[in-house]
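Undergrad: Listed below, chain by chain, are the residues.
Protein chains: 6
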Amino acid sequence: MPYVNIKVTQENGGLTKEQKSELIEGATKLLQDKLNKNPETTIVIVEEVDMDNWGIGAEQVSDRRKEGK
Amino acid sequence: MPYVNIKVTQENGGLTKEQKSELIEGATKLLQDKLNKNPETTIVIVEEVDMDNWGIGAEQVSDRRKEGK
Amino acid sequence: MPYVNIKVTQENGGLTKEQKSELIEGATKLLQDKLNKNPETTIVIVEEVDMDNWGIGAEQVSDRRKEGK
Amino acid sequence: MPYVNIKVTQENGGLTKEQKSELIEGATKLLQDKLNKNPETTIVIVEEVDMDNWGIGAEQVSDRRKEGK
Amino acid sequence: MPYVNIKVTQENGGLTKEQKSELIEGATKLLQDKLNKNPETTIVIVEEVDMDNWGIGAEQVSDRRKEGK
Amino acid sequence: MPYVNIKVTQENGGLTKEQKSELIEGATKLLQDKLNKNPETTIVIVEEVDMDNWGIGAEQVSDRRKEGK
Chain A
0 MPYVNIKVTQ ENGGLTKEQK SELIEGATKL LQDKLNKNPE TTIVIVEEVD MDNWGIGAEQ
60 VSDRRKEGK
Chain B
0 MPYVNIKVTQ ENGGLTKEQK SELIEGATKL LQDKLNKNPE TTIVIVEEVD MDNWGIGAEQ
60 VSDRRKEGK
Chain C
0 MPYVNIKVTQ ENGGLTKEQK SELIEGATKL LQDKLNKNPE TTIVIVEEVD MDNWGIGAEQ
60 VSDRRKEGK
Chain D
0 MPYVNIKVTQ ENGGLTKEQK SELIEGATKL LQDKLNKNPE TTIVIVEEVD MDNWGIGAEQ
60 VSDRRKEGK
Chain E
0 MPYVNIKVTQ ENGGLTKEQK SELIEGATKL LQDKLNKNPE TTIVIVEEVD MDNWGIGAEQ
60 VSDRRKEGK
Chain F
0 MPYVNIKVTQ ENGGLTKEQK SELIEGATKL LQDKLNKNPE TTIVIVEEVD MDNWGIGAEQ
60 VSDRRKEGK
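Protein sequence lines, in the order shown, are assigned to chains A, B, C, D, E and F.
Note that numbering that gives the first Met the number 0 has the first sequence beginning at 0, numbered continuously upward.
Note that numbering that gives the first Met the number 0 has the second sequence beginning at 0, numbered continuously upward.
Note that numbering that gives the first Met the number 0 has the third sequence beginning at 0, numbered continuously upward.
Note that numbering that gives the first Met the number 0 has the fourth sequence beginning at 0, numbered continuously upward.
Note that numbering that gives the first Met the number 0 has the fifth sequence beginning at 0, numbered continuously upward.
Note that numbering that gives the first Met the number 0 has the sixth sequence beginning at 0, numbered continuously upward.
Incorrect hints may have been included.
Which copy is meant is left open, because identical chains are indistinguishable; a pair holds if it fits in one copy or across any two.
Claimed, not checked - Here are the simulated PhoX-like pairs of lysine-lysine, each with C-alpha atoms no more than 25 Å apart in a straight line:
| # | residue 1 | residue 2 |
| --- | --- | --- |
| 1 | Lys33 | Lys68 |
| 2 | Lys28 | Lys65 |
| 3 | Lys65 | Lys36 |
| 4 | Lys28 | Lys16 |
| 5 | Lys33 | Lys65 |
| 6 | Lys28 | Lys68 |
| 7 | Lys36 | Lys68 |
What the hints contain is simulated information worked out from the structure, not anything from laboratory work.
Bear in mind the structure is a predicted one, so any value in this text is a computation, not a measurement.
Please put together the full structure from these sequences, using the hints given.
TA: What follows is the structure, encoded as structure tokens:
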């Protein structure tokens, strides 16, 4: 019963349903393949964070994107 | 000063204010009753997660609900 | 399939197995009673944090305990 | 590469972009000054939580604010 | 700069260094392949939780394992 | 009543009590100065993570340190 939490910045309108599904499948498969964990009790939560709310290099990602970073 | 974080899927329009209040009261009371923690410094945070963003069994909960799971 | 994370300071040698069990049972029952969630897919994780690592009022809990707070 | 997560209640329309930037800068500087951590790989995430979803003293912050707390 | 947090129960003496490395590689590759994220700023944290501290079905995993679950 | 969680790798024997205190004070002061938050209900939790358990660039920090990164 692993718990996986994936946080990414919300960019270009946010992730599509399909992209979220791929992350969920991929993370579940990773734990099944490597640690033989049961997918039926593996929880994966994908969180998208506004670029104003995510900082790296002491800058908001929203500003970094404007600078082409 | 316990910290309790409760994550649930956002279903049927989401939790009502009353339901959130019941979770907050219940979790605070649990820690007071079992561990004698002071309610005044017990933080409870309820997070609702979109069903597309929550996976179990390698599937998005939104899809599982369509399949009656 | 709720996810509940309970963080408390590690005090007096830490929680007993029985106390952890009571928190797990209580949190699971709370979500079953209030939101009709299935206990079989409700994850509860109890985390104990060293008192040096937990701050409130800009002080480490370890110091506050020495001051009788 | 520290990871800092700051959760606050969403009040008065929520934090401005400038306030979020100040929290990101301040947290990054704190880790640089105290632990000599590299800002370029220091992640800071600011999360605002609805006052109905945040409880303290077994009450929702939304209700506490109405009572002037 | 995604942030991935993987929590699993600590079983059979805990994960080997190699298993942790596989989880880190796999999670980083997943985000690179699916969302074109830069591995150099992708943080993956693996947390092992004592089986007494992890509950599912209102039971501690330590007890479930004794019951062959 | 902000909640601040700081995760850093455990290096060189881990943080001293004094370093943890400085992070707690600094984070609490940051929220007081910038958002006028009450220190008495500001929780700061410092978590140290084993270098084998923290990955960046698809590598464990323990290995990166051996390579002088």
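Undergrad: Hint by hint, note whether the structure agrees.
TA: Against the structure, the hints come out as follows:
1. Only between protomers do Lys33 and Lys68 lie at most 25 Å apart by alpha-carbon distance; the minimum there is 20 Å, versus 34 Å within a single protomer.
2. In the homo-oligomer, the alpha carbons of Lys28 and Lys65 lie at most 25 Å apart only across protomers (22 Å), although the nearest pairing inside one protomer, at 36 Å, exceeds that limit.
3. For the identical chains of this complex, Lys65 and Lys36 are inter-copy neighbours only, at 18 Å across copies versus 42 Å inside a copy, given an alpha-carbon limit of 25 Å.
4. For a Cα distance limit of 25 Å, the shortest separation of Lys28 from Lys16 qualifies both inside one copy, at 18 Å, and across copies, at 20 Å.
5. Taking CA atoms no more than 25 Å apart as the test, Lys33 paired with Lys65 passes between copies only; the shortest distance there is 23 Å, against 39 Å inside one copy.
6. In the homo-oligomer, the alpha carbons of Lys28 and Lys68 lie at most 25 Å apart only across protomers (20 Å), although the nearest pairing inside one protomer, at 32 Å, exceeds that limit.
7. In this assembly of identical chains, Lys36 and Lys68 lie within 25 Å of each other by CA distance solely across copies; the values are 13 Å between and 38 Å within a copy.
Consistency with the previously given hints is maintained throughout, with no hint failing.
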